[in-house]
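Enquirer: Modelling step: build the complete structure from the supplied sequences, incorporating the hints.
Oh and the sequence shown: position 151 is 151 in my numbering, straight run, nothing missing.
No lab work stands behind these hints: they were computed from the structure. Ideal Cβ placement from N, Cα and C applies to all residues, glycine included. Don't take each hint at face value.
Label pairs and their calculated CB-CB ranges [stated by the list, open to error]:
(1) E93 - H173: 17 to 27 angstroms
(2) D158 - V182: 33 to 43 angstroms
(3) I185 - N142: 16 to 26 angstroms
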Amino acid sequence: MNTNIDCGSAAAVGAIDAIDSAERVVRIKLAMTPAERQATRRLRRAVFCEEQGIFDGDDADVIDVLALPIAAVISVPGMPDEVVGTVRIHETEPGVWYGSRLAVAQHARRIGSIGSGLIKLAVGTAHAYGCKTFLAQVQSQNVPLFRRLHWDTLAEIDVHGRPHHLMQADLAHYPPIADGDVGFIVKRGAP
Numbered sequence: 001m002n003t004n005i006d007c008g009s010a011a012a013v014g015a016i017d018a019i020d021s022a023e024r025v026v027r028i029k030l031a032m033t034p035a036e037r038q039a040t041r042r043l044r045r046a047v048f049c050e051e052q053g054i055f056d057g058d059d060a061d062v063i064d065v066l067a068l069p070i071a072a073v074i075s076v077p078g079m080p081d082e083v084v085g086t087v088r089i090h091e092t093e094p095g096v097w098y099g100s101r102l103a104v105a106q107h108a109r110r111i112g113s114i115g116s117g118l119i120k121l122a123v124g125t126a127h128a129y130g131c132k133t134f135l136a137q138v139q140s141q142n143v144p145l146f147r148r149l150h151w152d153t154l155a156e157i158d159v160h161g162r163p164h165h166l167m168q169a170d171l172a173h174y175p176p177i178a179d180g181d182v183g184f185i186v187k188r189g190a191p
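Expert: Right, dumping it as structure tokens:
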């Protein structure tokens, strides 16, 4: 894996699209390095501030201090790695975990498997840390994806003036993942 981390620059996007798709690898993993963590924060700003306009300038909050960030990283030989997806997880009380700020770069949404891979590692990592209940406030347009991934709606709510569902993962479908720093590959090649 390359040590340089990009986050959706025009050069990276064009290069990623131009590369033979068989050479692309998308790995879902805990964001362990400062560069990976910074790239996840840039991606969140791009999605939640610039694209969706939910936050003005920055989406940082107190949860960032506690949360474990997770990244989806595209690797292509000879190019800087690019963070194209992120989610964060944190424990609110013993055994109760939340996932939040699930984001996939606009140009990477057509690749597939990134969002579901981020969710799998988020819940599996929390499960390995003793999670008994995993919750998320899910934007309404993303509810069908979460339902396919064995999540149930507990309530319909408004978050930041937008419709969301408070949802709970069925942990029976998410075995513990103890090696989140290594993660797993969700996609090789083209969409």
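Enquirer: May I ask which of the numbered hints given earlier this structure violates, with the numbers listed in increasing order?
Expert: Hints that this structure does not satisfy do not exist here, as all of them hold.
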